[in-house]
Structures are given as C-alpha cells and as structure tokens.
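> Sequence:
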Amino acid sequence: MKMRTTLGAALLATTGWATMAAAQTELSMWYHGAGNPQEAEVLNHIVADFNASQSDWNVVVESFPQESYNDSVVAAALAGNLPDIIDVDGPVMPNWAWSGYLQPLQIDESTIENFLPGPKGYWDGELYSIGLWDAAVALVTRQSILDDLGLRTPTLEEPWTLEEFNAALDAAKESGNFEYALDLGMAWTGEWYPYSFSPFLQSFGGDLVDRDTYQTAEGVLNGEEAMAFGDWWQGLFANDLAPGTSQDPAARETGFQDGKYAFSWNGNWAAMNIMNTFEDTVFLPAPDFGNGPKIGAASWQFGVSSASEHPDGASAFIEFALQDEYLAAFSNAIGLIPPTTSSAQMTENYQDGGPMAVFYDLTEAQAMVRPVTPGYVVQAKVFEKALADIANGADVADTLDAAVDEINADIERNAGYGHTE
7 MKMRTTLGAA
17 LLATTGWATM
27 AAAQTELSMW
37 YHGAGNPQEA
47 EVLNHIVADF
57 NASQSDWNVV
67 VESFPQESYN
77 DSVVAAALAG
87 NLPDIIDVDG
97 PVMPNWAWSG
107 YLQPLQIDES
117 TIENFLPGPK
127 GYWDGELYSI
137 GLWDAAVALV
147 TRQSILDDLG
157 LRTPTLEEPW
167 TLEEFNAALD
177 AAKESGNFEY
187 ALDLGMAWTG
197 EWYPYSFSPF
207 LQSFGGDLVD
217 RDTYQTAEGV
227 LNGEEAMAFG
237 DWWQGLFAND
247 LAPGTSQDPA
257 ARETGFQDGK
267 YAFSWNGNWA
277 AMNIMNTFED
287 TVFLPAPDFG
297 NGPKIGAASW
307 QFGVSSASEH
317 PDGASAFIEF
327 ALQDEYLAAF
337 SNAIGLIPPT
347 TSSAQMTENY
357 QDGGPMAVFY
367 DLTEAQAMVR
377 PVTPGYVVQA
387 KVFEKALADI
397 ANGADVADTL
407 DAAVDEINAD
417 IERNAGYGHT
427 E
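The numbering of the sequence shown is the working numbering, which starts it at 7 and goes up by one.
Among these hints, one or two may not hold up.
Claimed, not checked - Straight-line Cα separation of at most 27 Å, DSS-like style, residue types lysine-lysine; simulated pairs:
1) Lys300 to Lys266
2) Lys179 to Lys300
3) Lys387 to Lys300
4) Lys391 to Lys300
5) Lys266 to Lys179
For the record, the hints were derived by calculation from the structure and aren't laboratory data.
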C-alpha cells in the first residue's frame, strides 16, 4: 500500500489511526454471495472487525454472483490474477488445490477441532479450506400428514427403511390429496444432484467412485447396489410419485406450502419459510436404504489462493472469522448450520430446543462428504446427466455403464488425479 507524501497526510500520520491505516497491507478477497444482502452484511462486519483489530492487514472484498463465481476464479487462475482470499464450494476444493489455485492454510488447527466434519476442507493430508457453516437436507412434511396417512414418525435412531419409505409414498399417492407424493427438487440442477441424490445411492451401497483408490467407478456406480438404486429412482417418476426434470421451478419453491406435495426433500435454507407456513412442520431423517441413512455434507469454505504473497495475513483473517460470534451471526442471517455446538447455542434456531436444531443433529449423525478427489467436478456432472436420463426413462444398466466409462476415461486422462493406490 503506497504511503501518502502530502503535508496533510503527514499531519494525519501523527494520529494512531493514520499510522495503522498507512501500515496495513491490502488483502484482496473474492466472495460468491453477491445479491444476498444478509450474507454481505455479516461478511462486511467480520472484515471491518478484523481490519480494526490489528495494524498489519486490510481486507477488501469483491463479491460475484454465485452462478458465475467458479468460472471467474478459474479464468483468473489461468490469467495469474487470483486474489489473496477466495471462497470455494467444499467438494470443488480438491480440484482447485490439485490444479494449483490454492495453498494450505496457515491456521492453528486446534481452533477447528470441535467443528463438524463437513466444513473442514482437507486434501492430500493438508487443510486447504474451512467453512463457517454447513448445510443439511431432510425429508420435510407435516405431522398432520403423517397422522392422516397412518405413518410412523421416523427418528434418527429409527429412520424409515426402504420399505417404509416406499409405503409412505404409496399411501400419499393413494390418498388423492396431493399432485405428487414427493418433491425431490428436480427443477434444480447442477450441484443439487450429487449433493442431494448421491446419498441415496450411497445408502443403497453404491457411490460415484471407489473411495479406496479413487481410480475407478467400476462396481460402485454400476454394481448390483447401484443398479437397485437406479431402478428405484426410475420408479419414482414412472409411477408418478414425484415430478420429473420438467418440474416448474415455482412449484419447487412453494409447492409444498401450496399443498401439492406430501413430502419435500429440501435443505435447511428453505426451512424457515416452511415453518412460517405450517406450525406442525417436521423435519425427518433420511431413510435407510440398506447401508445406513446418508445426507450430503460440506458447503462454501474459505481458502488462500496460491497467488497470494501474504498467506500469513490471509490465513489470519480466516482464523479470525472462526470465532463463535461470527459463526452464529451467519447462521442467524441466512439459516445455515453453525459448525460448532458452542456457536449453535448462540443462535436463534439451532440452540437446544430451537426450531431447526434437528438439522445440526442430522448433520452430525448422517452427513457424508462428496468424494474427496479433484475428479469430483467431472464425476458430479456425469452423475447429474445419468440421473436425469434415468428419470426420463433411459435404460438403467446402459446409462450407469456409460457413466462409469466416462468417469474412468477422465481419471485416466488426468493420470489418476494425484491419488496413489
């Protein structure tokens, strides 16, 4: 940061404020949350507190729309124009670390020992990113619907089995009270598919890639368990239990509140609007399809770019932001899950007995991160297309076999993405 040489600046430099401001080195930060004023308010508050707390660093934020953010980071990396601090979607982080966009964080890892697993971004044995929140998905319904359909209310200790879940959907359809039994959010695309639906596959016993080696999808994305998942998935649409890929986005946003669906597979970010509509809203755990109930983990996280000449300052800001008061502030502002029990107790919704505390419990008990590999960014897109095709009637076996071939070819092209068997 250049020193002013004017007489006025020299006079101002006699004050402590001017001395600190003149000495601070600027740290640039890019953020994906443009257009979200509540999120921006909390982030700007943290930045202001950090800048005022010490005399070495001055963080300056530039926000981008989420839809274009990843492309902006990749383009900047290729051009050599990355900022000091970036945020990164958790499952994308290994690819950015492997690609050389990120460097390991320089923070005291004891500060995150009590964090939920999802917000911790490890790749190749090192911490590259850390999140100030997590997100979780639950089966949303109303207690009155469960009672009217004569259904058992599942719990974390005793979730619905596959048979019970199927029976619940059939009962909702046969009641004639709903357009569809289940809203899966098929109007949403992109990361929603692997985040929300791959846990179903994993609960059946399959996966996107073999996590023992990360060298192949053979046998896990097209094995017996994955085929069973694919048949079940296709049946949801063939039997008119759920709207398919042509679902109206407006119906996804308000369809449950409008009474179109008996159940909605949705995230904690949508919970407040539903709770404000129905006093008897309940959030149910994921069903157990045979290999334990699963939901997705990991949301947006903060990291230091490889281009930063001041990784100590960038890491200092990130560590500063991990204070419970800031974790709670983000949760109160945007409804996401605070990553520690202590910060949860400081929130309106996630404290013991709070209306959304169940989501913290769901994350702690059922959450599973997406495959921790640079190849995930390709695997996610392949999985999305395969599930959409199967929902639209494509042959299950052929589609999953083709997905495996595509994923394996990508792994081979990239020399295994740095994994060692």
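> Which numbered conditions among the earlier hints are violated in the structure presented, ordered from lowest to highest?
Result: no hint breaks.
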